[in-house]
Amino acid sequence: MGVALTELLVKNEISLDELRGKTLVVDSPMWLYQFLSSIRQRDGSLLTDSRGNVTSHLMGLLSRISNLMQHNIRLAFVFDGEPPALKKQVLQQRRAVKEAAEKKYQEALKVEDLESMKKYAAMGTRLTRDMIGEAKELVRAFGLPAIDAPSEAEAQASLIVRKGDAYAVATTDADALLFGAPRIVRNLNMAGRKKKANRLAYEVITPDVISLEENLSHLGISQDQLIMLAMLVGTDYNPKGIKGIGPKNALKMVKQYGEDKEGLFSSVKWDGHFGYPWQDVFDLIKCRLPDAGGGPRVLAGAGGCADQSLAAVPERQGPEGIGGVLLAMKKNIKYFLRGVLTARELALMPNAFDVVGDIMIFADFPKALEKKEKDIAKVILANYPSVKVVTKKVKQFSGRFRLPKLKIIGGERRKETTHRENGVLLTVHVEKAYFSPRLGTERQRIASQVKPGEDILVMFSGVGPYVMELAKHTPCASVYGVEINPAAHHYAEINAIRNKVVEKVQLFQGDVKKVVPGLGKAFDRILMPLPKSAGEYLPLALSAAKRGGIIHFYDFLEEGEFGKAAETVGAACGKAGRRCTVLSVVPCGKYSPGHFRVCVDFRAE
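Under the numbering used here, the first residue of the sequence shown carries the number 1, and numbering increases by one thereafter.
Cross-link-like lysine-lysine pairs, in silico, DSS-like; alpha carbons within 25 Å at most:
| hint | residue 1 | residue 2 |
| --- | --- | --- |
| 1 | Lys407 | Lys367 |
| 2 | Lys372 | Lys415 |
| 3 | Lys334 | Lys374 |
| 4 | Lys136 | Lys22 |
| 5 | Lys378 | Lys415 |
| 6 | Lys378 | Lys405 |
No wet-lab data here; the hints were simulated from the structure.
From a predicted model like this one, the values you see are computed outputs, not experimental measurements.
Let's have the full structure, built from the sequences with the hints guiding it.
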């Protein structure tokens, strides 16, 4: 849909906080073209890594995904499939324009005309198959769905929103409205500005939402007439539309002819402008929507705690983002080890790891690679600037506090770091206190439910990730944390000071079975983030919950057995003589193949 027509539409400014908790389906090609056009060097050339691989699209994608996920906005990405025949003709025309721009870029390069170089470099932007593949890898590294549409991405995305499986299509134009998307969200740029098309200038922008229903009412037309209106001024299938007809005149004509499509397009001599009938374009938009089989079913993976793989992309913003981008692209970490390990050794190299602050942790490092572990660490440190320490587990969770034993295989000789998550600073010693960076979205999910004035208890509070998130980002009155591990409790006290939440937080070191009864207080909300044995503490949680209080109970379960967590809750409530209502059962990521961390949110009456 042309920019001029978009200007006819009513747009409502919206903040990222207003999108918190909502699911957006991303028109991925539009975002990627935007990144490739705008993220460039002074001479207009694309950003690349040390091997010459283009990274502009990945830097943009990484920054935007990170920013939106920090606002608890859930994302699913749709990519183009096979283009329809009419679109292929348009793509051929676009290729010719890009080739001409590339020639002009080379001419500008010879005379070092920087302004022309930037202009023609942007006009010659190409989105290659490799770039699309790399973008999909990065999206999946965040634990987000990457959906292949049967044909047009924006049509598939629109269908998902029409079926009620997402709030809006996230895109850069309004074409999705033609496919019946109830609403679209635009301008999710972190910088608050965007580059003007084929120009060196930028314009200030703010996120906005465009409602289909509101605009059909505002314009006084139907969905079919909106498609007719767009065809007059130009769509992807008939670029530039009918010469001499602007959006205002097009709207008048559509209203004049009503639903008489034949009369409208005959009056503007469609056949004299295009070598194919108007029906082909109208039917392509109106009738040939993608099949519903793939989108919503795949999208189910975007709900709940979808960031179980987020730890595979270290949390970085700005210039340091290149390390995070490369971490998820080009066959993951193995891409950088091709010259260090043999093909057989590469096959043994684990893809999975956690990054806590600037410390990388391999949970399962094969013995067969022990002789090369220092070389592997050197490669990691050289390619990922934000990683300063590389470690491997030499002993799994053990002892009274279920802590791992780690060996430093490269980098600085320390195991203490500061992890940044959702605007919270968490100082932690990775060997003395348990902390998982994979639960950032789950912590946001809980925080989004908190109401003003709540008193909250976090059992097994560790270094305070839930405590700090709740105290810093919710309107609660107080957060109590109880932790048995003295070292973890010590770091929680440090983190309360660092996050400036001391007045809201009360921290206790000791066994919850002894500490909680001594508090003499009932709570509006109780968290039980100890899946291994939380069941034995349910009676205690029920005794400390106010009437109508919410309890978040965690358990480890096999796939297909999530209902058992609700059964455990029901049995405990029955024994305690309390009526409980299960509000939701949410999977919060895998902890081993076929096994999941599951949260049951329930109300204790």
